[in-house]
Structure formats: structure tokens, C-alpha cells
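Asker: From first to last, the protein sequence lines are chains Z and P.
Counting from 1, one number per residue, gives the positions in the first sequence under the UniProt record's numbering.
Counting from 1, one number per residue, gives the positions in the second sequence under the UniProt record's numbering.
It is possible that some hints are incorrect.
Pairs involving identical chains hold if they fit within one copy or between any two copies, as the list cannot separate such chains.
Result set (DSSO-like, lysine-lysine): computed pairs, CA atoms no more than 27 Å apart in a straight line [as the list claims (entries may be wrong)]:
#, residue 1, residue 2
1, Lys158, Lys293
2, Lys169, Lys152
3, Lys229, Lys298
4, Lys298, Lys169
5, Lys56, Lys298
6, Lys92, Lys293
No lab work stands behind these hints: they were computed from the structure.
Each chain is listed here by its residues.
There are 2 protein chains.
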Amino acid sequence: MDKKLIGVDLGGTTIKFAILTAEGEIQQKWSIETNILDEGTHIVPDIISSINHHLKLYNMQPEQFIGIGMGSPGTVDLEAGTVIGAYNLNWKTLQQIKKEIEKGTSIRFAIDNDANVAALGERWKGAGENDNEVAFITLGTGVGGGLVSNGKLLHGVKAAGEVGHMIVKPNGYLCTCGNHGCLETYASATGIVRVARDFAEEFAGSSKLKQMLDDGQEITSKIVFELAKKNDLLGKRVVEQVCYYLGLACANLGNLLNPSYIVIGGGVSAAGEFLLKRVDKYFREFAFPVVEKTTTLKLAQLGNEAGVIGAASLALTFE
Amino acid sequence: MDKKLIGVDLGGTTIKFAILTAEGEIQQKWSIETNILDEGTHIVPDIISSINHHLKLYNMQPEQFIGIGMGSPGTVDLEAGTVIGAYNLNWKTLQQIKKEIEKGTSIRFAIDNDANVAALGERWKGAGENDNEVAFITLGTGVGGGLVSNGKLLHGVKAAGEVGHMIVKPNGYLCTCGNHGCLETYASATGIVRVARDFAEEFAGSSKLKQMLDDGQEITSKIVFELAKKNDLLGKRVVEQVCYYLGLACANLGNLLNPSYIVIGGGVSAAGEFLLKRVDKYFREFAFPVVEKTTTLKLAQLGNEAGVIGAASLALTFE
Chain Z
1 MDKKLIGVDL GGTTIKFAIL TAEGEIQQKW SIETNILDEG THIVPDIISS INHHLKLYNM
61 QPEQFIGIGM GSPGTVDLEA GTVIGAYNLN WKTLQQIKKE IEKGTSIRFA IDNDANVAAL
121 GERWKGAGEN DNEVAFITLG TGVGGGLVSN GKLLHGVKAA GEVGHMIVKP NGYLCTCGNH
181 GCLETYASAT GIVRVARDFA EEFAGSSKLK QMLDDGQEIT SKIVFELAKK NDLLGKRVVE
241 QVCYYLGLAC ANLGNLLNPS YIVIGGGVSA AGEFLLKRVD KYFREFAFPV VEKTTTLKLA
301 QLGNEAGVIG AASLALTFE
Chain P
1 MDKKLIGVDL GGTTIKFAIL TAEGEIQQKW SIETNILDEG THIVPDIISS INHHLKLYNM
61 QPEQFIGIGM GSPGTVDLEA GTVIGAYNLN WKTLQQIKKE IEKGTSIRFA IDNDANVAAL
121 GERWKGAGEN DNEVAFITLG TGVGGGLVSN GKLLHGVKAA GEVGHMIVKP NGYLCTCGNH
181 GCLETYASAT GIVRVARDFA EEFAGSSKLK QMLDDGQEIT SKIVFELAKK NDLLGKRVVE
241 QVCYYLGLAC ANLGNLLNPS YIVIGGGVSA AGEFLLKRVD KYFREFAFPV VEKTTTLKLA
301 QLGNEAGVIG AASLALTFE
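Extracted from the complex, chain Z is given alone in its bound form:
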């Protein structure tokens, strides 16, 4: 029988698991809650026992697996298989993930950060069409990125792919990283709401979004996009601004890397073609002519499954 892969997508609220074929077909999937109590010390033992439990359930042995791949928040050391500073997991100190999971499951283990792993997933089985040149941007609470070139993830010294921290407006909004004008401050879910609040102050026309903000109602990026789609004047202005900065960042990324595809995923990308069309307009305005002709912007296709699929693909190096 062909050997299988296990993919693990470790998040702050759930841990997703999948068993896949070496071709990336999901055969089984399940998930458990992330227990971040006691400085996150339950997380790795929970992962180990959940994998072992399911192997028993499916009557499978460790020898039937090529390996386990995992995506994690925080700063990942690929070689050592460790994670540090994953604050949404309460992991403040160095976690020996690889060592513990290999010992606990008797299966080889590889790890990378969550944005990189999602990029691998979309590249392999999603919008990236298994191309060797794919950039992935995820628009969520923050803005993350994963870059594949020459068929491999780019890691740089430590932190390649910090698309969310490209400066799109010098002296712009203050970012959690300490800099000003990072893409994330405009194009993340929270950034979009920030732009809305900012623009609302000076907005004089008629707008439901303006009304809601003035009423103190809770606004989300989803609401902003929904109202913009219904022609809300303020909503449209906010979306235009957000897409302008996204288009500028995609163009500068394209001018450096000229990938076949820039894949846009994450919660905000649920706005779909409405978002993509506007980002593409500004991308075309700012991209170098050859890049404009050869790099295509696309929406992500795998949704939640990008993580487990991409994570699993990390283990293919053990083949």
C-alpha cells in the first residue's frame, strides 16, 4: 500500500488534522480544541494522543506514513523543529515540538510557520496549480505571506514573506510591529475597520456605514465589504483605499519575484471577485510591464484546508 502523509494545522482555537495520500488527497480529517492552559503545555501531548488515537481507530501503523507535517504560529526553527513566541498558544519559551512528536508517534516530523504552510497548500492543490513560482497573501486578523520560488519556500535568514509589513504608506498608521504604514494596518480585517473609522470622520455624504459607526455599532471588515457591494458611498471609498494598498503591495512583490500567481486568501478574501477586481486594477497600474503580463492575481481555493494540505506536503521531503 502507498504510504500516507499526516498534516497538522495548529491554531489558537482548534488543531486540524488530516491523513492524505502522497498526491495530496485528503482521506480522513478531524480536529480538536486547542488547550492553551498552563502555558500551552497540553498542546503537544494532545496532538500526539490524537494522532495515536486516530491511527488505532483506522487500524494504521507508523510505518504506513511518510511523515507528519505541521504549521504553527510563532517563530519556527525548521532545522531544530522548535517554536518560540507563539503568544496565542501561550508558548513563551522554546518548545521542542519535533523531538516530542517523533518520540510520541514514531513518525518523522517536519514543521514550518502557518502562513508558509498555507502557501504550500494553495500552491500544491489550490489556486497555485502546482507551479514553481507562487506567492500567497493571507488577509486575516493580520496580513501574512508565504513565497515559493524555484519550487521552494523562501525563508531568508529568518522571516522572509512578511508581506503584511511591507511599507505601503510611509508615515501611515502605526503597526503592532512598531513601524508606520505597513500593509497590515490597512488590509487586515482590523485594518479595514480602522480605515473605515478614519474615513468616516471626514465623510459628509449619506452612508449606512457612517451611520453605524456614528451609532457605535460593531463594525467588521465583512460589513464594510457587504455595504460597499450595495453601493454604500463610504464603504466603497474604504474598499477602494484598501485595494489600492493591496494592489501596490502585490505590484512591488510582483516586481521582485514575478510569480505565476499571487494568491489572495484569508477571511477578508471572502469578499471574492469584488475584492480581486479592485486589487487587480491597482496591481496593473503599478506592476512593471513584463510582470503585469506574466503574473496573475487569484483568489485562494482551499479555504480552511490549505493548512493541513500544505503542512502534510512538508513531510514529502522524507520520501
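With the hints as your guide, set chain P onto chain Z.
Answerer: Relative to the frame of chain Z, chain P by itself:
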């Protein structure tokens, strides 16, 4: 005897050649003029006869070489070994470089574009310290770039490394590429003069640079830097602006690729530490904290020889 490499750096005025060891030590070098007459049809035959002539001179046989590597202007097709659209060589139609040179010399041949080859040279034997993560920016008549990550040049679909066409100021100066606000329009030799002319119009204080411009004297980027070093007020303002955009571009490049080194070369980099210090100041302002800590800006070290050395290294794949 250990096999050797041949490096060829094809430029619009001269063609540089070198014979190197597989470790990148130059053992012989020479150059010939580039004859661009008759649509550049003499160039490839001239290269072949110059190589064959020097092999005879040094009493060497084709079998003693691992291969020939060449850097060329224009759009290079690596696989096919062809070049098109190298306008400073009068090459408007497709040139079958690899085919002709392999036939003419009986030595294997590899080619890439001139900026990439210079990047490989600086990475291998220059400021890049043979690191796997090196970005190279060349400030000349234009602004070019070459990016090495995971130890390999990034090509993207066609045109990765277009550092000169990163947008540093939306709606800024019009670039030859048709876009506005490309780095090249501010930080190339001609861009710097453009900034000087632009700033001079609104400059009211005392400045030799202002005087020279008003007198209609010919200004070069070298003069601008020399005067700035002598505390010329307008000169300093121009240099500050140029370094601001360079620092911003380096930071965004760093945020995406997080290389060990961003190496700055080309004619303008002759301004040395005076330039580097100011670019670094803005790089640090705009770089993501981890990138600021792990990516170092450096001046190029090989000067004119980067081309032949990097070109030669292309042939190492034939080993």
C-alpha cells in the same frame, strides 16, 4: 589538472573575458570592444574567435574547461540560451547565442542577464560572502537587481529582480517603463540628476549645485554626491531624498526576502559609506524588526569584475 571556467561579461561598449579556477580565482583576463554594427551580427563571432584565440595563446584545449558562462543585456531565455531585445547591442531579433558559441568553441555554455550575473559574482566572491541569501542592487544608468535565495537565482516567470521598478512613490516621476514613481527614476545616475533639477527649482538658499544647474553646466550624480559631501545644502537635500527611496525599497525587499546581505553596487555606489550610511538609516526606519536585525546592507566589493566572475559561476552547473 583541475578544470577551468570562462566568464564573459557582454556590455554595450566592451566585452570582458576571464579564465577562472572552479574556486573563482581569476587567472587570465582580457577584453575587446563591442562591435554593434550590422544589427550586432559581429558580436557572437567576435566572442568565439576571441576565446579560441586566447585558448591557443595559453595553449589550452576545450576539454580543460567545465564551461563558459555569460551575462548579457536584454531578455535572456536560460533554457534555450537565446537573447532578444538587447537594444544597446542592436539585437532586436532572437539571437541563438548558446548554439553558436557551443558550436564555435566546443565548450558548454550557460547564460543569464547581466544584473543576475553580477549578483552571482558579488554573492560568490564579493560582499555576499557566499551566503545562500543575497540581494544585489546595481545603481547605474538604470537600477537593476539580482536575487539569490535558497542558494539560487530567482527568475520568477520571466523578470524577477526588477528592483529598479519597485514603486517607491505612487504618481511620482514618469519612468521609461511607462509607470510612475519607480525607484530607478530617483536612484539611478540619471534619476539623481533629475531630483537635483527638480529640487533646484524650489531651492532658495546658497548652493554651488544650484549655481551650476542655473548656469546650465552639465551635472552628474557624481558631482551631486561630491558637493553633498562638501556640505552643499541642495546637494545634501538631493542625496537625502535619493537615500530615502533607496532605504524604503531595501526595506520592502528585506521584508519580503530577508536576505543576509543587500549588496549595493554600480557606478553610483562609488559614493561609498556616505551613501550606505544614509540608505541604512531609512532601511532601519522601514524594515520589519526581525529583518532590521538580520539583514545587513553592504557596498559591493568586486567592481567591474563581478560580471565575469558571476558569469563564470553559471558554468559550475556543468561540473
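Asker: Could you tell me which of the hints above the structure violates, numbers in ascending order?
Answerer: 2 and 5
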